[in-house]
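The numbers in the sequence shown follow the working numbering, run straight up by one, and end at 251.
Hints are supplied without guarantee of correctness; some may be wrong.
As the list claims (entries may be wrong) - Listed next, with one range per pair, are the computed distances between beta-carbon atoms: (1) A199 x M231: 37 to 43 angstroms; (2) L225 x K205: 46 to 52 angstroms; (3) G204 x L225: 32 to 38 angstroms; (4) S170 x K205: 21 to 27 angstroms; (5) D129 x F152: 15 to 21 angstroms; (6) D129 x C155: 22 to 28 angstroms; (7) A166 x K201: 20 to 26 angstroms; (8) E162 x I127: 28 to 34 angstroms; (9) S170 x I127: 32 to 38 angstroms; (10) S202 x N240: 49 to 55 angstroms; (11) G204 x T165: 49 to 55 angstroms; (12) I127 x K205: 29 to 35 angstroms; (13) K236 x G204: 42 to 48 angstroms.
What the hints assert, rightly or not - Under the rule of at most 25 angstroms between Cα atoms (straight-line distance), these lysine-lysine pairs were calculated in the PhoX-like manner: (14) K201 x K169; (15) K212 x K201; (16) K201 x K211; (17) K205 x K169.
If you are wondering where the hints come from, they were derived from the structure by calculation, not from laboratory data.
By construction, the Cβ of each residue, glycine as well, lies at the ideal position given by its N, Cα and C atoms.
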Amino acid sequence: MISDLLPPGLRMSTEVKELVLEACNEFVQCIASEANEISTADNKSTITPEHVVRALESLDFAGYVPGVTEAWEATKSEGKEAREVKKKKKGLHMTPEEALAIQQRMFAEAKARYNAGDSSGPGGAA
126 MISDLLPPGL RMSTEVKELV LEACNEFVQC IASEANEIST ADNKSTITPE HVVRALESLD
186 FAGYVPGVTE AWEATKSEGK EAREVKKKKK GLHMTPEEAL AIQQRMFAEA KARYNAGDSS
246 GPGGAA
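Using the sequences provided together with the hints, build the complete structure.
Structure (structure tokens):
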């Protein structure tokens, strides 16, 4: 991932990659620690995105707030879409008896069409 962000023709040694990863981990731990302190001060047991934004501002990383907020909004909309899909799928559940009845009805309809010489499929459309 780090190499993908480098300009063409520029390479990075393994030691430098490890150093960058270590710095990233330290940054994340620092932000998480500050966000935890903020959430605790708010009497909350869960760190929310608002806590992370406030932590960035508190640690003088306010320049990251627009990007973080944009990513947060994108994640919220993706999560909403995923929940809607899951909700739709959940509504499709049926009992085994209902599924069997539907399957038997579909087989009967297909057999009737076959016997009538209609091979166009359900609804008679080709």
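Which numbered hints are broken by the structure, listed smallest first?
2 and 11
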